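Per my numbering, the very first residue in the sequence shown carries number 1; after that it's consecutive.
There could be a bad hint or two in this list.
[To be verified] With a cut-off of at most 20 Å between alpha-carbon atoms, the simulated EDC-like pairs for lysine to aspartate or glutamate come out as follows: (1) K223 <-> E197; (2) K166 <-> E102; (3) K103 <-> D70; (4) K148 <-> E197; (5) K148 <-> E125; (6) K10 <-> D47; (7) K10 <-> E131; (8) K103 <-> E160; (9) K32 <-> D21; (10) K103 <-> D165; (11) K42 <-> E125; (12) K10 <-> D165; (13) K166 <-> D155; (14) K243 <-> E102; (15) K243 <-> D70; (16) K161 <-> D145; (17) K5 <-> D142; (18) K223 <-> D187.
[To be verified] What follows is a set of in silico ranges between Cβ atoms, one per label pair, in the way DEER data are often shown: (19) G128 <-> Q36: 16 to 26 Å; (20) Q31 <-> R230: 37 to 47 Å; (21) D70 <-> H35: 21 to 31 Å; (22) K10 <-> D53: 29 to 39 Å; (23) V23 <-> G228: 51 to 61 Å.
Note that these hints are calculated values from the structure, not bench results.
This structure is a prediction, so every number in the text was calculated from the model and none was measured.
The beta carbon of each residue, even a glycine, is placed where N, CA and C say it ideally should be.
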Amino acid sequence: MSIMKPVTGKLPLTDECLHYDNVSEVPQNLQKYFHQRYSIFKFYDYDIRLTNDAWFGVTPEPLASRLANDLPSHLYSTPRRTTIIDLFGGAGGNTIAFALSEKWEHVISIERDASTLACAQHNAEVYGVSEYITFIHGDCLDFLDRLKHHPETLDPSLREKCDMDKTVLFASPPWGGVDYKEQDVFDLNTMEPYNLEVLHESCSPMEHALYLPRTSDLRQIAKLAPEGERIEVVQYCMEGASKAMVALIPAATLQSA
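Please model the complete structure; the sequences and the hints are all you need to start from.
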């Protein structure tokens with residue numbers, strides 16, 4: 001198994017790393033998002049780059065900022081947490097907000113698509129926080145498996161930053177399309193490509209925050225609570241409408257090998 005390392009330098013922007021200036025340039029299925037571009041990235045006009053797929057998954061900047069400030073596990077918490085890992089880094093919306101919050105010694109962003117990661121690095125530069133973020137080009141579930149079971153396959157710098165007792169995981173996974181909008185209560189077992197069980201098992205036993213559809217089944221989430229613990233669930237709204245919910249799952253007791 002090869003060593004997983006942070007990205008060195010910047011990945012080159014590709015033909016997929018686009019900045020649209022006019023709605024006439026935008027594919028029909030993205031035009032709704034283009035009209036909301038200043039809610040997605042306030043500094044959009046400063047050459048923010050997105051792949052066409054990334055438009056669907058970016059957390060709007062007001063929500064990302066509020067979420068970053070709300071997360072209770074930070075430098076001043078008990079127990080003290082020093083690292084946050086954005087498992088589905090995408091084009092950088094949440095990652096940038098975490099860096100701007102100044103609540104973490106280490107902000108790590110994982111993205112498996114090279115063009116999307118190049119956009120994230122570029123966008124972090126636009127916001128002036130690129131030097132505070134460690135980017136990883138790879139699969140987040142592979143990273144978590146290495147961290148828990150094969151730490152020797154991670155670069156020493158990553159092992160140092162990702163002490164499991166001091167790390168919080170943030171997961172804003174793909175939800176599997178727009179079908180969730182048509183369900184009064186969304187079945188989290190149908191999320192694609194990673195359902196709730198896969199995400200939770202991969203993130204455990206570390207504390208993890210899951211960014212989920214606003215209509216997610218709370219009964220399914222409640223079952224994830226470690227024994228004797230409660231799960232905090234927060235609905236995040238913008239302009240009077242709920243956009244998503246975040247479930248904060250406490251860390252389970254780490255078991256000795």
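Check: When you check the alpha-carbon spacing of K166 and D155, does it fall within 20 Å?
Finding: Distance ~18 Å between K166 and D155 Cα, so the pair holds.
Check: Holds or violated: K223 with D187, Cα cutoff 20 Å?
Finding: 14 Å, holds
Margin query: Checking one constraint from the list: CA of K243 to CA of D70, max 20 Å. Satisfied?
Written below: Measuring from Cα to Cα gives roughly 16 Å; hence the hint holds.
Check: Measuring from beta carbon to beta carbon, are D70 and H35 in 21 to 31 Å?
Finding: 27 Å, holds
Check: Is it true that the CA of K166 sits at most 20 Å from the CA of E102?
Finding: 16 Å, holds
Margin query: Can you tell me whether the CB distance of Q31 to R230 sits inside 37 to 47 Å?
Written below: Cβ of Q31 to Cβ of R230: about 42 Å, so the range 37 to 47 Å holds.
Next item on the list: Please work out if K148 and E197 have their alpha carbons no farther apart than 20 Å.
Entry: Given pair K148, E197 holds - Cα atoms ~17 Å apart, limit 20 Å.
Next item on the list: Take a look at whether the Cβ-Cβ distance between V23 and G228 falls inside 51 to 61 Å.
Entry: 53 Å, holds
Checklist line | Hinted pair K103 and D70, Cα distance within 20 Å | finding: The given pair, whose Cα atoms are some 10 Å apart, holds under the 20 Å limit.
Next item on the list: Would you mind confirming whether the straight-line C-alpha gap from K148 to E125 stays at or under 20 Å?
Entry: 31 Å, violated
Margin query: Hinted pair, alpha-carbon criterion (20 Å max): K10, D165. Please report holds or violated.
Written below: Distance ~30 Å between K10 and D165 Cα, so the pair is violated.
Notebook entry, point to check: Does D165 lie within 20 Å of K103 when you go C-alpha to C-alpha?
Noted result: At roughly 17 Å apart (the allowed maximum being 20 Å), D165 and K103 satisfy the hint.
Hints 5, 12, 14, 22, counting from the list given before, are not met by this structure.
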